[in-house]
Structures are given as C-alpha cells and as structure tokens.
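Letter by letter, the sequence shown follows residues 32 to 79 of this note's numbering.
It is worth saying that the hints were derived from the structure and are not from the lab.
Predicted, not measured: the structure shown is a model, and the values here were computed from it.
It cannot be assumed that every hint is accurate.
[What the hints assert, rightly or not] So the derived label-pair ranges between C-beta atoms look like this: (1) Thr47 x Met75: 36 to 46 Å; (2) Leu65 x Gly35: 35 to 45 Å; (3) Pro48 x Thr79: 15 to 25 Å; (4) Gly35 x Gly67: 37 to 47 Å; (5) Ile51 x Thr79: 14 to 24 Å; (6) Leu78 x Phe34: 31 to 41 Å; (7) Gly59 x Thr79: 38 to 48 Å.
Quick reminder that beta carbons are idealized off the backbone N, C-alpha and C, glycines included.
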Amino acid sequence: MIFGLLVLANQQSRATPAEIAIFAGSYGLIFASLLGLDWFFKKMDKLT
Numbered sequence: 032m033i034f035g036l037l038v039l040a041n042q043q044s045r046a047t048p049a050e051i052a053i054f055a056g057s058y059g060l061i062f063a064s065l066l067g068l069d070w071f072f073k074k075m076d077k078l079t
C-alpha cells in the first residue's frame, strides 16, 4: 500500500528521491505509532 502511494506521488509531482524518502518516512512513522498505540492498549487491557 505504501509503495502504491509512493508511485502515485512520484507520477503526479515528479518528486526527487529525497522528497520521496521523506514522504515514505513520515508514513512509516505514522504507521509505527499507530501499531505502538494498538500494542499499548492491548497490554493495558490485560493488566486491568
């Protein structure tokens, strides 16, 4: 899915590799933080 977004962004704006890397990195951070929150809440559910 992320690679699809990269291809789309690349085709639309002819972004430089650096811009694509920043774009991918920001999506990666968002995805990782969502996964981390999900794991955190599951862990809290087990404790309570």
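Hint by hint, here is what the structure shows:
1. Remark: the range hint 36 to 46 Å for Thr47 to Met75 is upheld by a beta-carbon distance near 42 Å.
2. A C-beta distance of roughly 18 Å is found between Leu65 and Gly35, which places it outside the suggested range of 35 to 45 Å.
3. Taking 15 to 25 Å as the suggested C-beta distance range, the pair Pro48 and Thr79 does not conform, at roughly 47 Å.
4. The hint said 37 to 47 Å for the Cβ distance between Gly35 and Gly67, and at roughly 23 Å that hint is violated.
5. About 43 Å separates the C-beta atoms of Ile51 and Thr79, a value inconsistent with the hinted range of 14 to 24 Å.
6. Checking the proposed 31 to 41 Å range against Leu78 and Phe34 shows it holds: the Cβ atoms sit about 37 Å from each other.
7. Between Gly59 and Thr79 the beta carbon distance is about 31 Å. The supplied range of 38 to 48 Å is therefore violated.
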